[in-house]
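Asker: One line per chain: the protein sequences are A and B, in this order. Residue numbers for the first sequence follow the numbering used here, beginning at 1 and rising by one. Residue numbers for the second sequence follow the numbering used here, beginning at 1 and rising by one.
Because the hints were derived from the structure by calculation, they are not lab data. Don't be surprised by glycine CBs; every beta carbon is placed ideally from N, CA and C. Check the hints yourself; a few may be wrong.
So the derived list for chain B, only partly shown, Cβ under 10 Å to chain A, looks like this [said to hold, decoys possible]:
1) P86
2) M104
3) A153
4) F156
5) G280
According to the in silico footprint, chain A covers these stretches of chain B (three or more CB under 8 Å from chain A) [unchecked claim]:
6) 56-62
7) 109-117
8) 202-209
9) 218-229
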Amino acid sequence: MALVKNLQKRWWQLLILGMALALPHLLGSRYLFQIVLMGYLFSIATLSLNLILGYTGQASLAHAGFFGIGAYGVALLTKAGISFWLALPFSALLSALVGFLIGLPTLRTRGSYFAISTLCFGVIISIVAGNWISLTGGYTGVVGIPPPTPVKLPWGGQIGFEDRMAQYYLVLGFLLFTLWVMNRLVHSLLGLSFMAVRNNETLAGALGIDTFRVKLLSFVVGNFLAGMAGGLYASLIGSISPSTASMELTFNWLVYLLLGGVATLSGPIVGAFIIPLIMESLQFLAEYRMLIFGALLIAVIVYFPRGAMGAAEMLRQRVRGLLHRRREATEGVVAGQEP
Amino acid sequence: MELFLQQLFNGIMLGSTYAIVAVGLTLVFGILHIPNFAHGHLYMLGAYVAFFLMSMYGLGFWVALLSSMAIMALVGIVLERLAYRPLRNRPHIDSFISAVGALMILETSVIVIWGPQGRRIPNPYPDIVELFGVTMSHQRLLVIMAAVAMILALHFFIKHTTAGATIEAVAQNREGAMLVGIDVNRVSSLTFAISAATAAAAACLVAPIFIISPTMGALLGMKAFVIVILGGLGSIPGAILGGYILGLLEALGGGYLSAAYKDVYAFGALILILSIRPTGLFGKEVS
Chain A
1 MALVKNLQKR WWQLLILGMA LALPHLLGSR YLFQIVLMGY LFSIATLSLN
51 LILGYTGQAS LAHAGFFGIG AYGVALLTKA GISFWLALPF SALLSALVGF
101 LIGLPTLRTR GSYFAISTLC FGVIISIVAG NWISLTGGYT GVVGIPPPTP
151 VKLPWGGQIG FEDRMAQYYL VLGFLLFTLW VMNRLVHSLL GLSFMAVRNN
201 ETLAGALGID TFRVKLLSFV VGNFLAGMAG GLYASLIGSI SPSTASMELT
251 FNWLVYLLLG GVATLSGPIV GAFIIPLIME SLQFLAEYRM LIFGALLIAV
301 IVYFPRGAMG AAEMLRQRVR GLLHRRREAT EGVVAGQEP
Chain B
1 MELFLQQLFN GIMLGSTYAI VAVGLTLVFG ILHIPNFAHG HLYMLGAYVA
51 FFLMSMYGLG FWVALLSSMA IMALVGIVLE RLAYRPLRNR PHIDSFISAV
101 GALMILETSV IVIWGPQGRR IPNPYPDIVE LFGVTMSHQR LLVIMAAVAM
151 ILALHFFIKH TTAGATIEAV AQNREGAMLV GIDVNRVSSL TFAISAATAA
201 AAACLVAPIF IISPTMGALL GMKAFVIVIL GGLGSIPGAI LGGYILGLLE
251 ALGGGYLSAA YKDVYAFGAL ILILSIRPTG LFGKEVS
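Please work from the sequences and hints to get the whole structure.
Answerer: Structure representation (structure tokens):
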């Protein structure tokens, strides 16, 4: 019974999942396929940024830096012959560890100070990636990164990841994993303390929440996921460069997050899919696209600070309120007619 | 020794531009509490406006510089009105994000109009003097002297004019200033105008030395933030001192350690200092 009820409540989520599972069979061109793949990868990155910025209220602008750490980690390790399945968790953990070390000093600062100091760290990462030539290949980057190591199945045979179908389901799996982690996190007591810190750090502290630990935890988990996304990116795209860790990428995710809907689970995915699609379809506008996006970013932050999903939610509640009122009105009339 | 003196001179020259740019930023950040992350892009646009006036209308260097300051003052006023004023009572992060939108617009506009490639402004003072084995171009000396003049002028403006006094009043107590009839909106516009005009002046002064490009503002804007945080929010002496410290750090670090990593020193220093003092070197508690 509970299962049926659950299904009724979640039918649209299952519908979307079904569509996601069927999608690769409908994608004709390699080009569309690549866009979808990037959409998933950037969804993971934007979701993890949302944990830090949306739920915990800390504007980390080093996000692409941590993505880059994961990407370079997987690139260098797999090129050295280490299995992808070892390299990926190792690189994600490395990204989390660096996040921990950087979080220790920077999370003691607040608001714009935190934004600036993380931005500085992000720039340091991309400068190091561009100049430590013996390790990172400098501005040419790392090329020829092998795809994920094939997985041996227990009943014989194996799944290879040269195949783009397998790549698709791999990334989808990691996106679902990220969503699961995020969902568990934000609907837990810990998630509530994230939001308490976001809403009023001083008050949260007064209530006995160790705000520094909460912020650090959110930062470390967020950067673990960013590193994971970066590692996947390196392995599937096959080449990386310092632009993989650049400020522009962080700003892109910021736009996806803000326009999609901050502090929601669906917003970042909506943003990471819709905006690149719009960008692709507006190719003929060339540079002018960025003008539109800059203006859009300002307009959204001024008028719809909660983004598309926030606006949709507001609309839904308004419609529901209207329907509710109308029902009450008609019921009142019916009741009044009773003798 | 000669290398040291040469780097010292370069550091002071660099520090002069940093100081002017950071003073403009600290006015806006410290007084209006707006983290104008697009400040570096105003600097960049200022250089392009001067470049445009000189190449299109054949204006002289100084006329172009003054016109660029006036135009950028207007741009600053428009920016404040559209991107920041509606967010006045909202968290800092919102203004920060609005600034990201603004800098995208500024950078893209320049790319659309003048293309992504670097441009060069003709050097009005190409002569060189040698002193104690240090090569100093007249233009570089001019940057240093102009910076000092501009800082003195700004100091005079704030301390000895009524308009300047209103800025200081808002800085000290926003509610109090409103109670005595100061129009905070006008002060905001004025502060942004000054901030953008000084950034444009700094950009025009160094433009003949370095190549101008649409991306030149991004790193500079970040450095200005580093300086403002080091020097303490809203503190003009702090911004000046911080500017020169950063200029010297970069020139000496670039000369003796590694030029490729010269930007890392500034940003690394910031993270280091914030880890010791979360509110900056001379900073007060911020909300």
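Asker: State for each hint whether it applies.
Answerer: We went through each hint and held it up to the structure:
1. P86: 5 Å, holds
2. M104: Holds: closest Cβ of chain A sits about 3 Å from M104 (chain B), inside 10 Å.
3. A153: Result: violated, 28 Å to nearest chain A Cβ.
4. F156: This interface hint is violated because 30 Å lies over the 10 Å limit.
5. G280: With a minimum Cβ separation of about 7 Å from chain A (threshold 10 Å), the hint on G280 (chain B) holds.
6. 56-62: violated (count 0)
7. 109-117: holds (count 3)
8. 202-209: With 0 residues close enough to chain A, the hint is violated.
9. 218-229: holds (count 6)
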